[in-house]
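Number of protein chains: 2
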Amino acid sequence: MNRGLLIVISGPSGVGKGTVIGMLMKNDKNVGYSVSSTTRLPREGEIDGVHYDFITAKQFKSDIENDRMLEYTVYCDNYYGTNADKVERLRAEGKDVILEIETQGAANIKRKCPDAVTVFIAPPTFDDLKKRLSGRGTEPPQVIEKRVRKAREELEKSDMYEYVVINDDAVRAADDLCAIIRAERIKKNNKFIF
Amino acid sequence: MNRGLLIVISGPSGVGKGTVIGMLMKNDKNVGYSVSSTTRLPREGEIDGVHYDFITAKQFKSDIENDRMLEYTVYCDNYYGTNADKVERLRAEGKDVILEIETQGAANIKRKCPDAVTVFIAPPTFDDLKKRLSGRGTEPPQVIEKRVRKAREELEKSDMYEYVVINDDAVRAADDLCAIIRAERIKKNNKFIF
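First to last, the sequence lines map onto chains A and B.
Take 1 as the starting number for the first sequence in my numbering and just add one per residue.
Take 195 as the starting number for the second sequence in my numbering and just add one per residue.
Treat the hints as calculated values from the structure; they're not laboratory data.
A few of these clues could be false.
To be verified - Below, a list of computed lysine-lysine pairs in the DSS-like style, where the Cα atoms sit at most 25 angstroms apart:
(1) B/K385 with A/K130
(2) B/K220 with B/K306
(3) A/K187 with B/K252
(4) B/K381 with A/K188
(5) A/K17 with A/K86
(6) A/K26 with A/K188
(7) B/K252 with B/K306
(8) B/K385 with A/K191
(9) A/K112 with A/K58
(10) A/K191 with B/K211
(11) A/K131 with B/K385
The following block holds chain A by itself, in its conformation from the complex:
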């Protein structure tokens, strides 16, 4: 069996990554989603192994020391990261693994796994994204400004990705993603053997 692909997907908040990935996974049953690990406590309704793998800070730090985290970040005193063994297990089963990760983490993963396929999901225009981030106008302007600034920072990194998928239409963007994965499988797996 062929080892699965590792597909790293980034894109600014509000661009619709979740919708596009959801459609992809509905169309392509060989694609699996790797759940992140975190040290924060589960919120109401969150299920261990579904929303996150909830692990202790001790476990997380030991995973970092043993180089078992493909990438990690600290946010509000909690660790968030991607466990290398979990990803590897899925790939060894032939599953293509999708990781949804911000640009800094994606760069770290690409360094550790040079065969990762990197895809950035971008809005058709920056104005379009700004509109989406403004939401229903119920948030204070500072919150929206902060979101827009962060989105701009993410978008500035888009040229380090192998593929940029423009999400002007989620169905078309999901089809783009399907084609990318199909092409990358062919590139990686097909060899002629006598």
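Please build the complex by placing chain B on the supplied structure of chain A, with the hints as guidance.
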């Protein structure tokens, strides 16, 4: 407008390249086929500009000297080659250009056009191809042996291609080719611009 892709397709005789390319071009109207130039005389029914561009030996040699041939070969005292200007004109119009070429010519093109996408169409197994090359058993064994030897030589070069498409089913192989072209367009054309 985005400049079109240059797609170089190789594969042994009998593998079904023509069928797969025909299906692709029916599905994807942005793909154009670049007709080769030759110095041989048209056979009955052959149309200038459709089957070949029939040009004089003088013109062909001048094109070679002026580096206007992306690749060329001599067969039975006749020249066969790919005119660079014609390919470039189509690409400038945004058309993706397909060239069907044997492995030596493909290597030359890749050297001159590093952005060319190279695809090798392979049979599911060598035995399968051998069967197809034997045809209806009407040819003398030496002719078949020569074909099989040539096919083996071509197949040995398949690992220098970016993509190997296995033609066990022409519809699936054409879909593979469509996905490759779609992915390569995304890779080449999509950039996020503020």
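For each hint, the structure was consulted:
| no. | hint | result |
| --- | --- | --- |
| 1 | B/K385 with A/K130 | holds, 18 angstroms |
| 2 | B/K220 with B/K306 | violated, 29 angstroms |
| 3 | A/K187 with B/K252 | violated, 41 angstroms |
| 4 | B/K381 with A/K188 | holds, 16 angstroms |
| 5 | A/K17 with A/K86 | holds, 22 angstroms |
| 6 | A/K26 with A/K188 | holds, 23 angstroms |
| 7 | B/K252 with B/K306 | holds, 23 angstroms |
| 8 | B/K385 with A/K191 | violated, 31 angstroms |
| 9 | A/K112 with A/K58 | holds, 23 angstroms |
| 10 | A/K191 with B/K211 | holds, 17 angstroms |
| 11 | A/K131 with B/K385 | holds, 20 angstroms |
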